[in-house]
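4 protein chains.
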Amino acid sequence: MTTPTSAPFEYDSNPALSATGLKGFTLPLSPSGKTALFPPPPWDYSAEMLVVDFTADRDTLARYLPAGLVPTAEGSASFGFGRWNAGAEADPRMKADPARGQHDEAYLLIHAMMGDKKVGFLAFSWVSTELSQIRGLVQGFPKKLGSAFISRPVEVGTGGPRREPGHTFHAHVNSMNRRLATASVTLDTAEEAGYVPPPASIPHLYLRMFPSLAQAEASVLELSTLSLRDMEVGSTYSGDATLEFGESEYEELHELGPITAGRGYHYWYAMTILSGSVTPLSA
Amino acid sequence: MTTPTSAPFEYDSNPALSATGLKGFTLPLSPSGKTALFPPPPWDYSAEMLVVDFTADRDTLARYLPAGLVPTAEGSASFGFGRWNAGAEADPRMKADPARGQHDEAYLLIHAMMGDKKVGFLAFSWVSTELSQIRGLVQGFPKKLGSAFISRPVEVGTGGPRREPGHTFHAHVNSMNRRLATASVTLDTAEEAGYVPPPASIPHLYLRMFPSLAQAEASVLELSTLSLRDMEVGSTYSGDATLEFGESEYEELHELGPITAGRGYHYWYAMTILSGSVTPLSA
Amino acid sequence: MTTPTSAPFEYDSNPALSATGLKGFTLPLSPSGKTALFPPPPWDYSAEMLVVDFTADRDTLARYLPAGLVPTAEGSASFGFGRWNAGAEADPRMKADPARGQHDEAYLLIHAMMGDKKVGFLAFSWVSTELSQIRGLVQGFPKKLGSAFISRPVEVGTGGPRREPGHTFHAHVNSMNRRLATASVTLDTAEEAGYVPPPASIPHLYLRMFPSLAQAEASVLELSTLSLRDMEVGSTYSGDATLEFGESEYEELHELGPITAGRGYHYWYAMTILSGSVTPLSA
Amino acid sequence: MTTPTSAPFEYDSNPALSATGLKGFTLPLSPSGKTALFPPPPWDYSAEMLVVDFTADRDTLARYLPAGLVPTAEGSASFGFGRWNAGAEADPRMKADPARGQHDEAYLLIHAMMGDKKVGFLAFSWVSTELSQIRGLVQGFPKKLGSAFISRPVEVGTGGPRREPGHTFHAHVNSMNRRLATASVTLDTAEEAGYVPPPASIPHLYLRMFPSLAQAEASVLELSTLSLRDMEVGSTYSGDATLEFGESEYEELHELGPITAGRGYHYWYAMTILSGSVTPLSA
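Chains as they are written, first to last, in our numbering: chain A, -19 to 263; chain B, -19 to 263; chain C, -19 to 263; chain D, -19 to 263.
By construction, these hints were calculated from the structure, which means they are not laboratory data.
Check the hints yourself; a few may be wrong.
[To be verified] With the C-beta cut set under 7 Å, the calculated list includes, among others, these residues of chain A facing chain B:
(1) Ala(-4)
(2) Thr0
(3) Pro11
(4) Ala194
(5) Glu197
(6) Glu231
(7) Ser255
(8) Leu261
Ideal placement from N, C-alpha and C gives every residue a C-beta, glycine not left out.
Produce the entire structure from the sequences given, and follow the hints as far as they go.
Take a look at the structure:
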């Protein structure tokens, strides 16, 4: 699921695109291509993550998984927050402009069995920028716009928590004027170098979809996975966690019913996304 | 280009979607389908528009049109602002929640000849909500997030302009921390009932695109038009206008070079979008 | 309480300000004065209002009124939403830039008796711009930043409600990631010309306050009223209403307890604020 | 200028406030006091700073200083960006809710001589939250709302810069839809422990102002300084910098004329604000 490829992504050799006389990996196309919403991969990411593992009712979780996936025996899932920093070889503006290269995120990853393989299915995600949202939709990330607020570790003083046992990190995410989730992790353990927290240790699976207005069938509907390079987990702290889901007429987190928060993890994470591979869904 | 259809849009009869066990016209899918970014058409719209017609260098405009379209003899285009209100038969939340059903927009429509037929090609658009943006991308609208601010007509007092000759409406649009366009229209004429302002009188043409991460070729790349119902123009005022484009590292409005603002129009506009039809692009 | 004055507001004759060598009606001061948060009055306003009258427990309401005011016999109050447009003689940028001159608002006005005079005490207000917020604090309006979303009346089509009996207007206000209030008014009556809806018919009273960091006593703490000119009510529709308050750790709307929504009003309103007069509070 | 005091700030012993029967360090007052915009000091801060020292024309800088201050011989100033985390003893919600306790900032500090003492005069500041803005106005910080975007240092991967020589940090600030300043610092030196970067080494001076609507004279106009405790500078990196000011009809940064960027500093900074002391200004 993470077979690396090394060739650059040659989207602009596309004859149909060339036939338009316009350029761009996405709309809006223009003579230079610089108006596109985001550049082609490879995309480089470095993130500070705050993730809470939890369990819920298995039958309920099952309803949120696509056919072919079943919940784990324990009904496990992760609710995570990330402060992401991203660049792209093809677009130096992403690193030169923090408003373009940075975004904050919250997401629900349901742990699932695909046959005897454990995977994570990204059920919901909320991000703070259109670049992240639409780049995500292209990958199969079910992203909406939302506002995630996450404690920032501090080096001096008492204005925020330190990355040390005894300190508490808080986070919440909001979308369409509703509080969707509120979490906290009180660090108690500095993990050893090389430690990989459970939520970072399973491959992810996505549903990619682009609707049609001309027919009932979606133009694109397929299972999607990503080819990654240079995945790395940095320093990690863990601790006991709290997690609470709120109600929204636009969401289904609260519908997961009673949940039990497990351990929480604060860790650095990096990777480069090279490309995606897809399997069409059919009846 | 506007042949009405009357059947409701039966997206959920899609067998591949059914095979997932999940519902929704768009991501995120869920058991109820209520988490989708927006519902299927028909979509109802009512908008208060402020549109400025202008001319630019024909050779420059030609560079922003897809192959097959050429600028008009006079090099004409429209830069418009709209305060949109929208509903959908399939989603009563759009009218019940103004945060969902309303958005503000600015756009560039290049007037063009497709053979001997005059059309408008939507080159760029900026909108204030994700619902409008992604619903637009599905239709082929090259939408980004942006903030449009537009004078609101007032009924009493002097806090804003009235819809009367002698009053000036101002508007500007901003995206990614750059001022993209600033416009004004000083009303001098109340148009007769039944008048259709020039920018509302030509059919529109779009490029629909959804990139692939698995291949150079985009998953979707096609010319798109819409089937409309109940198009209506309401009361209209016109007047002399000003229009100025600003620089942005993410846009190409300023690259249009010197422009000459013509007449401006303040009018009400309504329509219902039923479906789209598409023509694949190929080399 | 609304004695008009006609002299322009000569703030810049202030010797202490002149002694700084800098200009401005507010911080930030600068050589030109153009950096100030807002200009001095007179301030012109035109607004489209959606206001719901309601009643609550009198003893509870009493707790939200300053000493000297008591709730009305019926325990009445208004929760209103406004789409405001504002200008200022001293600052043409307010009308030329809709981002500066417009704001949206929601507020709680508790009806009260001051002796045998009926007044409205502005208990809470949320607005969409810093200009409105801080200009409000200077007047004694207890304003916070918030997002108010209000149905916009449409002239054609079905994208939004019309200002006609049978149509429903919706509104909600949010602050600090919490939904604070949700309201609707279903119009059933077009009021006669000259009609003044109850919530627009009583004078308002404010508490003006500016804390000190150098002493326990606030630098400014006084009762405040405003001198107005050219107050005008435009066309008005009324109807039955709904109103619901939500919970927030930063607010006390929900603490008002059970409420009974009465009539709602959709009307145009205008006025010019000339100056304020104040009465110091003392023990 | 930084004499510490140790008594808690007893604002609520204020008899005039008690006379209202309402509570709060600021508006909005309420029975519980929990609706106030922010709590009384002490206020704890921890910040990650990116500051660029620069020089400008002395005569021009002099125009931005209040009477009694003159520019330094070299015409020096600092333009800084900060990612602030704040708490308050009296309000645990600030640390429990990152949306309340965190803000981002950009500011202009003009270095000046007050007699033979070198001080920093805070000429302009833009912040991302109302809490920071209005708490700042109470201290004499000339704060507006604005959006500052600042590179975040990363621990792993290549999504952002590391705090290591050779890496570049970028930042920009925007307000009222205009880009006000764009800066970068390319780190070349890890400073020794105990190093205090020049922009953190001088005491600051502020103008505190609250206008009146009842008279020409402002209700509050005074020179202000703060009493601090536990000031600490953490790890610091420095490097060559770039700095560019943009135009805005609401600002006067561009009016500073040609500037020469000097060194830039990326450092951690902490302090606790205890109280303020003020000197009235008079003609």
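Checked hints:
1. Ala(-4): holds, 5 Å
2. Thr0: Check passed: Cβ of Thr0(A) comes within 4 Å of chain B, closer than 7 Å.
3. Pro11: Cβ of Pro11(A) sits 4 Å from chain B, so the hint holds.
4. Ala194: It holds, given that the least Cβ distance between Ala194(A) and chain B is near 5 Å, below 7 Å.
5. Glu197: holds, 5 Å
6. Glu231: At 6 Å from the nearest chain B Cβ, Glu231(A) passes the 7 Å test, so the hint holds.
7. Ser255: holds, 5 Å
8. Leu261: holds, 5 Å
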